[in-house]
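Asks: Now for the letters of each chain:
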Amino acid sequence: MAISPRGERILPDERLPLGGIRAYMPALMSQSQSHIAFPHRHLLGIEGLKAQDITALLDAADEAVSLSRQVEKKRSILRGRTQINLFFEASTRTQASFELAGKRLGADVMNMAVANSSVKKGETLIDTAATLNAMRPDIIIVRHHCSGAVDLLSRKVSCSVVNAGDGAHEHPTQALLDALTIRRTKGRIQGLTIAICGDVAHSRVARSNILLLTALGARVRVVAPSTLLPSGIDRMGVEVHRTMRDGLRDADIVMMLRLQLERMSGAFVPSLREYAHFYGLDEDKLSYAKPDALVMHPGPINRGVEIDSAVADGPRSLINEQVEMGVAVRMAVLEALSHHLRKE
Amino acid sequence: MTTQMRPLAFINARVIDPAGGTDVRGGVLIADGVISAAGADVTAGNLGADVRAIDCKGDIVTSGLIDLRVFVGEPGGEHRETIASASAAAAAGGVTTIVTSPDAQPVVDDPAVVDFLKRRARDNAHVRVLPSAALTKGLRGQEIAEIGLLQEAGAVAFTDADRAVRNSQVMLRALSYARDYDALIMHQAQDADLVGQGVMNAGERASRLGLGGIHAAAEAIGLDRDMRLLKMVDGRYHASIVSSSLSLDVIARAKADGLKVTCATTINHLTLNENDIGDYRTFLKLMPPLRHEDERMALVRALADGLIDVVISDHNPQDVETKRVPFSEAAFGAIGLETMLAAGLRLVHSGEVSLVRLLNALSTRPADLLRLPQGRVQKGAPADVICFDMDEPFVLDPTQLRSRSKNTPFDGARLQGRVKMSCVAGQIIFGSDAFDAS
Chain X
1 MAISPRGERI
11 LPDERLPLGG
21 IRAYMPALMS
31 QSQSHIAFPH
41 RHLLGIEGLK
51 AQDITALLDA
61 ADEAVSLSRQ
71 VEKKRSILRG
81 RTQINLFFEA
91 STRTQASFEL
101 AGKRLGADVM
111 NMAVANSSVK
121 KGETLIDTAA
131 TLNAMRPDII
141 IVRHHCSGAV
151 DLLSRKVSCS
161 VVNAGDGAHE
171 HPTQALLDAL
181 TIRRTKGRIQ
191 GLTIAICGDV
201 AHSRVARSNI
211 LLLTALGARV
221 RVVAPSTLLP
231 SGIDRMGVEV
241 HRTMRDGLRD
251 ADIVMMLRLQ
261 LERMSGAFVP
271 SLREYAHFYG
281 LDEDKLSYAK
291 PDALVMHPGP
301 INRGVEIDSA
311 VADGPRSLIN
321 EQVEMGVAVR
331 MAVLEALSHH
341 LRKE
Chain L
345 MTTQMRPLAF
355 INARVIDPAG
365 GTDVRGGVLI
375 ADGVISAAGA
385 DVTAGNLGAD
395 VRAIDCKGDI
405 VTSGLIDLRV
415 FVGEPGGEHR
425 ETIASASAAA
435 AAGGVTTIVT
445 SPDAQPVVDD
455 PAVVDFLKRR
465 ARDNAHVRVL
475 PSAALTKGLR
485 GQEIAEIGLL
495 QEAGAVAFTD
505 ADRAVRNSQV
515 MLRALSYARD
525 YDALIMHQAQ
535 DADLVGQGVM
545 NAGERASRLG
555 LGGIHAAAEA
565 IGLDRDMRLL
575 KMVDGRYHAS
585 IVSSSLSLDV
595 IARAKADGLK
605 VTCATTINHL
615 TLNENDIGDY
625 RTFLKLMPPL
635 RHEDERMALV
645 RALADGLIDV
655 VISDHNPQDV
665 ETKRVPFSEA
675 AFGAIGLETM
685 LAAGLRLVHS
695 GEVSLVRLLN
705 ALSTRPADLL
715 RLPQGRVQKG
725 APADVICFDM
735 DEPFVLDPTQ
745 LRSRSKNTPF
755 DGARLQGRVK
765 MSCVAGQIIF
775 GSDAFDAS
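As they're listed, the protein sequences go chains X and L.
For the record, in the first sequence the residue sitting at position 270 is 270 according to this note's numbering, with numbers rising by one throughout.
Position in the second sequence (from 1) plus 344 gives the number in this note's numbering.
Mixed in with the good hints there might be a few duds.
[Said to hold, decoys possible] Some, not all, of what chain X presents toward chain L, calculated at C-beta under 10 angstroms:
| no. | residue |
| --- | --- |
| 1 | Cys146 |
| 2 | Pro225 |
| 3 | Thr227 |
| 4 | Leu229 |
| 5 | Ile233 |
| 6 | Arg242 |
| 7 | Thr243 |
| 8 | Pro270 |
| 9 | Ser271 |
| 10 | Arg273 |
| 11 | Glu274 |
| 12 | His277 |
| 13 | Phe278 |
| 14 | Tyr288 |
[Said to hold, decoys possible] Rough simulated footprint, nothing fancy, chain X against chain L, three-plus residues with beta-carbon under 8 angstroms:
| no. | region |
| --- | --- |
| 15 | 490-501 |
| 16 | 514-522 |
These are computed hints drawn from the structure, not numbers from a lab.
Ideal Cβ positions, reconstructed from N, Cα and C, are used throughout, including at glycine.
With these hints in hand, go ahead and build the complete structure from the sequences.
Replies: Here's what the structure looks like:
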């Protein structure tokens with residue numbers, strides 16, 4: 001394992017395809033121009049990204065972590081640029097994380113709370129897009145409850161679009177921050193056994209993670225009752241398990257998904273107590289995984305349902321690290337897209 | 345308790361093992377609650393000195409019957425039946441294991457109620473009592489019951505009793521969820537809209553009596569839906585009751601398709617038909633309804649060739665208030681624990697079904713479905729055995745029945761075949777005086 005100039009662990013196999021040491025001279029780099037090799041104008045999903053695109057983003061995020069740990073966190077890559085956070089679904093940490101990321105890169109960030117917007121007055125998504133576009137933003141961050149809505153919006157605007165979660169489809173920045181967290185703690189992703197547990201059927205986090213982690217060579221498992229697994233999941237490159245004992249065996253990472261409580265009473269699973277009993281992560285179930293297995297959760301957590309407090313707050317939990325990585329990953333994404341912003 | 349007992353032997357018997365299909369002269373030796381030897385070698389001559397021998401005088405000894413659907417009245421229906429009275433009726437009928445129906449008050453959809461039943465059974469029953477639990481909460485067909493927790497508490501199967509799950513999405517999820525726990529679903533399939541307000545089989549008899557009819561298609565449509573759902577999830581499905589040749593066609597196709605499906609019919613549907621309703625006899629008001637004689641014969645043939653796996657009593661005690669009312673207002677259901685074997689023997693006496701096949705459907709197949717070691721007269725199996733005289737004739741006197749309710753459709757019927765002794769885990773729980781003298 002190599003050590004970066006900032007004293008962070010680096011795994012050679014993850015770095016080399018990108019041109020080696022270049023990525024590790026972060027703070028020395030230009031304040032106003034990005035060096036990230038990222039060929040896409042939008043980030044709509046993990047699907048369509050090559051392994052090298054993902055690694056480029058993770059490497060850039062590593063730099064952003066370093067930057068964010070400094071007293072002076074500000075850069076000017078996005079100075080003068082306008083970033084609109086357009087959230088049709090309530091969000092605390094994702095929206096805050098995008099806002100902070102944009103501000104650290106120098107952008108002017110505007111949060112559009114949908115409750116106050118004309119969407120509530122019946123405006124269609126496409127009309128909203130056209131209206132916003134007329135304000136000449138440079139980047140729009142979108143979360144929407146419908147799968148495919150962000151893609152639709154991206155076709156109607158002339159700026160870059162980042163998907164902050166669309167329905168049960170994708171949540172690419174969450175998958176990137178999860179991958180960054182794993183890579184920084186385990187030193188690699190290739191060859192790890194990662195168990196994604198819980199409501200896979202309704203989870204955009206699960207879909208993006210499956211795509212990303214398998215692209216980087218991890219062995220991915222999903223663990224859930226059949227009613228919370230989408231049909232055809234076994235053909236998405238994952239192993240399917242229906243008990244925690246089987247699914248967690250020898251896992252390096254246990255990734256819990258948030259359970260939507262409104263899905264809990266009888267429709268998909270019989271009750272909270274039954275779900276917690278068979279699928280809630282406690283010390284006992286965690287013991288099936290490797291002794292050094294780490295626990296992740298995209299938050300916000302339902303304590304005592306999908307995860308026990310003792311585990312969520314315990315020494316093997318990466319939940320707070322994930323939040324920190326979230327800001328860094330979003331900075332990397334914004335920076336990567338800045339290549340493609342209009343120049344005049 | 346049984347471990348301190350002397351070994352017990354039933355000798356001079358016709359020993360039938362409905363699992364292996366053997367039928368030999370000999371005996372059955374029991375020690376420590378299990379069968380230690382069975383067959384021609386167990387004779388008076390080669391028993392140890394400490395063995396208590398019982399001479400069966402040529403009567404049949406076989407494994408105890410297992411009934412997959414019994415309404416025991418607890419909790420909440422103690423005026424109709426209790427675990428104690430159901431156990432007594434079962435023992436007298438040669439039924440050594442009963443699966444309780446979850447349509448109690450409260451419904452058996454909470455692990456605490458399963459626990460209650462197990463405790464009540466431990467204290468009040470001599471036969472084995474295994475609770476089945478609700479498939480959906482409150483039997484309402486809307487939300488999946490806590491199948492995992494109920495199974496851990498001891499529920500052996502999941503069923504909404506005589507209610508069909510109307511919503512196909514709920515049924516699909518229930519099948520899918522139950523599959524994760526390898527749980528057995530027992531479902532009485534029906535298209536509820538087609539059943540409507542019907543009270544007997546649709547057709548000429550219903551028209552002449554002026555009663556609302558229930559088409560056989562209602563059941564077949566429900567079953568057909570379930571088979572299509574089952575094919576998507578690959579779970580275990582048992583059709584609680586099939587009553588017509590249309591339903592048999594669906595089951596035959598599903599079995600040929602390789603689905604893990606089994607089916608049962610009731611002793612009533614095998615031995616009675618819609619004409620037995622006569623002048624509005626409410627004791628023959630059943631759900632599904634008794635069908636035309638052609639349908640009954642189709643069921644008998646399906647039992648003989650094994651398409652019908654299991655025969656149940658569908659023991660459903662109803663008190664006079666719910667039966668001594670006009671036919672269309674009367675409750676559905678009949679008792680059957682005590683008469684199931686004798687009624688079934690009608691089919692053997694008439695030559696339509698072999699004795700071994702009948703006993704297989706009453707004992708081995710239900711044991712297999714529940715994954716019990718019972719249902720076989722073989723070394724090592726639990727000593728749940730019965731002895732019966734298959735020829736002894738009698739006229740059924742309802743007042744002699746042990747059930748709290750007397751709504752038997754065989755009221756005054758001539759039957760042939762008497763249970764002489766029932767034994768659970770090597771303990772005699774029912775037997776005539778002749779058996780006690782050794």
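Asks: With reference to the structure, classify each hint as holding or not holding.
Replies: How the hints compare with the structure:
{"no.": "1", "hint": "Cys146", "result": "21 angstroms, violated"}
{"no.": "2", "hint": "Pro225", "result": "5 angstroms, holds"}
{"no.": "3", "hint": "Thr227", "result": "5 angstroms, holds"}
{"no.": "4", "hint": "Leu229", "result": "9 angstroms, holds"}
{"no.": "5", "hint": "Ile233", "result": "13 angstroms, violated"}
{"no.": "6", "hint": "Arg242", "result": "5 angstroms, holds"}
{"no.": "7", "hint": "Thr243", "result": "8 angstroms, holds"}
{"no.": "8", "hint": "Pro270", "result": "4 angstroms, holds"}
{"no.": "9", "hint": "Ser271", "result": "5 angstroms, holds"}
{"no.": "10", "hint": "Arg273", "result": "7 angstroms, holds"}
{"no.": "11", "hint": "Glu274", "result": "4 angstroms, holds"}
{"no.": "12", "hint": "His277", "result": "6 angstroms, holds"}
{"no.": "13", "hint": "Phe278", "result": "5 angstroms, holds"}
{"no.": "14", "hint": "Tyr288", "result": "17 angstroms, violated"}
{"no.": "15", "hint": "490-501", "result": "holds (count 4)"}
{"no.": "16", "hint": "514-522", "result": "holds (count 3)"}
Violated hints for the displayed structure, listed by number in ascending order: 1, 5, 14.
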